[in-house]
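So the chains spell out like this:
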Amino acid sequence: MTAPLLRGPFRYVGHKRRLREDRRFVIGAGRYAADLALPGTLHVVPVLSEHPAARILAIDTEAALALPGVRAVLTGAALAAAIDPLMNGAHTPAVRRYPLAVGQVRYVGEWVAAVVADSRAIAEDARERVRVDYEPTPFVLDGEAAMRSDAPLVHPEHGTNVLLDRRFVWGAVDDLFQEAAHRLAYRVAWGRSSTVPLETFAVTARWDEAQETLDVWASIQMPKFPDQIARALRLPGNAVRVHYDVDVGGSYGVKRGIKHAVLAGFLARHLAAPVRLVEDRLENMTGGDMQGPERVFDVELAFDGDARIRAMRMRALDNVGAYAGRSPFQLGKPIGAIVGPYRIEAVAYHALAVVSHKTPEEAVRGFGQAPTNYAIETGIDRVAAFLGLDRIEVRRRNFIRAEQFPYLIPSGTRYDSGDYHGLLDKVLRAAERADIFAERERLRARGLLAGIGIASCLEPSGGNSAFEPLLNEHNRTTTWMESCRVMVDALGAVTATMHTTSAGQAHETLVAVAIAEILEIPPERIRIVRPDSLAALPSNSPVGSRMAIMLGGAAVGAARQLKDKLLAIAAHDLAVPMADLRYREGTISAPDGRALAWLDLVTIAHREFFRMPPEMEPGLAASAVYQVPTGGALPVDGRVQMYPCHSFELHLVLVALDPVLGRPELRRYLIGHDCGQVISPDVVRGMTLGGIAHGIGAALLEEFSYDPATGQPTAVSFMDYLLPSACEVPEIEIVHQTTPSPLTVFGQKGSGESGYLGAAAAIASAVNDALAPLSRRIDRLPIRPAALSDLIAAAKTTTEK
Amino acid sequence: MTALCLEVNGRVWHVEVEDRTSLLDCLHDALGLCGTHAGCEHGVCGTCTILLDGAPVRACLMLAAQAEGHRITTIEGIAPRPGELSVVQDAFCETHAMQCGYCTPGMVLTAEALLATNPAPSRAEIIAAISGNLCRCTGYGQIVEAIALAAERRRGINIAAGAP
Ligand code: FES
Ligand code: FES
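Chains as they are written, first to last, in my numbering: chain A, 1 to 801; chain B, 1 to 164.
Here chain A stands alone, though its shape is the one from the complex (with noise of 0.2 Å):
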């Protein structure tokens, strides 16, 4: 049965309002897993390797255990007898991966040992203690080069540095490269760089021996937490109960902390103490294990005259670093959205993720996506130039048509609904207002190089795990659901339960609107409460830019049973069949006016049994368990339906750069979003931007750099690894368009990763349109001041000879 779907206008839906959680964050009263302070707790640090690659041959506790304060010094073979490796995304059963080393590091920053003390200075001091002896064996940093088979093997037991080669083709992509009266070839390259929250990953853990439960407070954004902590530490499920009212400072796809928590767990249960583990810059940017997509992509397009892309080759090697938990997954997600915006028949696409000796990789805002749309982008800006056309035409003549939704990729996957053309002529005028165009030509003028950017791309959204079986056919995973209950307590009040963390998508304002605008109450009257996991309804984590979608359809529906139980309740109370009721604002009446306001129905649920309709439970809770609304099939012949809805971004960003200097700064910035029906405007807005700003961070300044001859990584704190402050942030202007999805209650779709998804890539176009007049383009991200200057001192040399 599927519920009906609402359209508009909204009481709450779409209104600017407060938040809910602003207000505990601006009062310093924010509650973070650092902040819980639990008597008697012992503090831990990881030793880390300093080696990217060696044999353990001894460590010497000793020196450590011998200072006041230290109690105990776990190495990693102690740890491994007695756990459970952590899960693999692909299927590769000879990649073990514990929370510390054993026998071998395979990255700098690896945890080799944890030191646990009263406090963490004394941790610190004793760390230096622990004398690992090492023995330095050959490394390997490239992606391409651990392919080689002369590489040094990260995992010999495994046999090669592949993890993941898989190839799909989807149409008749031979034959048209054939048929195409143009075909050109590129590469281009994302650098390793990732989201760094500003909060450091943290958790506590606590061993309860008379429930024999293990308590977790984590700074966690990640699927099945529980389920994963609870099997490698060998314990029932419900043994593990992990605390979702804790606040996250900052996630965007990184913060998994499973090896963080399974040791803390470990050690809170082997010492009998609260154990509490919370990383400083330098473990967190080393031993973190969530640096991001390090991808080089190689791109063929086959095309016609007029500009047509008719189909694509695209292998994308991903190195992934020393293990892989989900990462390989983030070569899957984009397959749902290979297209991009675009009418492209058939596709070839060539998956590859290896392993190599740097820190590993985990998820990052978009899954794979942003670097997937950089290479798209690049190619469309590359059929202008090739054709000497206008490069929003050629964006033009190759958007996806309105009126052809719902619009079948040949991946499989169906985009729900969109105007791009609409969007992208909003955009066009405003730009115009902006005076764009005209600008870049007068800073042509004075002498500066001057370029426009354009991105077109698509957010797919609503996070379902369509990727698993597609790319490990041992994993036959179909669900991601999200759950809520909500409660009418005996005095009439509202309250609502989500199941998961937030990291600042404020889901508890999105679950109290979606309720609100169902009951037709102010959503202020409705509390939001996260019970732990042994109290959770089934529910995921906030990935895939799906709590719009999952979170507010689960919201929905539980509000809906109630409103029904309501209805029924005064249908037989009145004597009136429920079709001739009203329902308004908690009010329900017959035609004859005599009516049940919200405490009389209250009332009869709560104490007056014998008013309710016979069989009908008292009390007034509802539950629902969401499943994604095109459901779970699995995959057949290398397709799939990933994410069910596709919110669409254009950018368009006018950049300057002076060729002395070399350092490109955004002029103007503007961009056009369609994220369907928007819940909370504020909250729309602030992720855009903050994905915008994201994204200017991976298109100019961040990288998680490693030097080739030491294999040391040389971006570890904050002064070298450079997160965009606010100078470095232009002003942004949204040109909104509303494209209601088809399939989801009030026509939202996902937010999420909004801005990101196509940041890097607009800014990458504008730098390649200052350079054209040098014939000059650069196609590795970050683009540094360095590699520009050289770049334009070169061409001019050339020029002048």
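Don't read these hints as lab results, they were simulated from the structure.
Any given hint might turn out to be false.
Now the in silico label distances, taken between C-beta atoms and shown as ranges [said to hold, decoys possible]: (1) His42(B) to Asp245(A): 29 to 37 Å; (2) Arg81(B) to Glu441(A): 53 to 61 Å; (3) Glu473(A) to Glu18(B): 15 to 23 Å; (4) Gly237(A) to His42(B): 19 to 27 Å; (5) Val625(A) to Arg20(B): 21 to 29 Å; (6) Gly8(A) to Arg20(B): 58 to 66 Å.
Here are some chain A residues pointing at chain B (derived, C-beta under 7 Å) [said to hold, decoys possible]: (7) Gly504; (8) Gly690; (9) Ser717.
In this text the structure is predicted, and so the values were computed from the model without any measurement.
Cβ atoms here follow ideal geometry from the backbone N, Cα and C, with glycine treated the same way.
Knowing the structure of chain A, use the given hints to seat chain B with the ligands on it.
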């Protein structure tokens, strides 16, 4: 261990900490003022910002012992009365100038210090003032708006310069 006497949020606290304890750790762990957050502990991110005699200072770069004899204000000491919000705090709620809230205490304190000395800052002055406070969530747009709104409202209700 050293016994310190610190003036925080208008109150005198007696606390025993190791000599090496940073002001950040002292506030967060010893005094339980958890609104002061650790982001980098090397002076770049500004999440640990507090006011020292009214001026924004990074609590991670100071020893607790160095703070003796100074007036310290943390985010917990900004609201005029319990249950109320300062104009700046209220403006941050109005424009939704945050997401995860981790940078928020530092941002609010930096903004308080700016408006205390410059009641009508330009956009460029607001940006310069917060340029030492990183925010990974918001892209700064709604933060700049909040500070401009707070400035306007403070002028409207005639708050004297010099606070807090
Ligand atoms: S924690 Fe003090 S500046 Fe980052
Ligand atoms: S609100 Fe999350 S870092 Fe600023």
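Item to check | Hints not upheld, ascending by number | outcome: 3, 4 and 5
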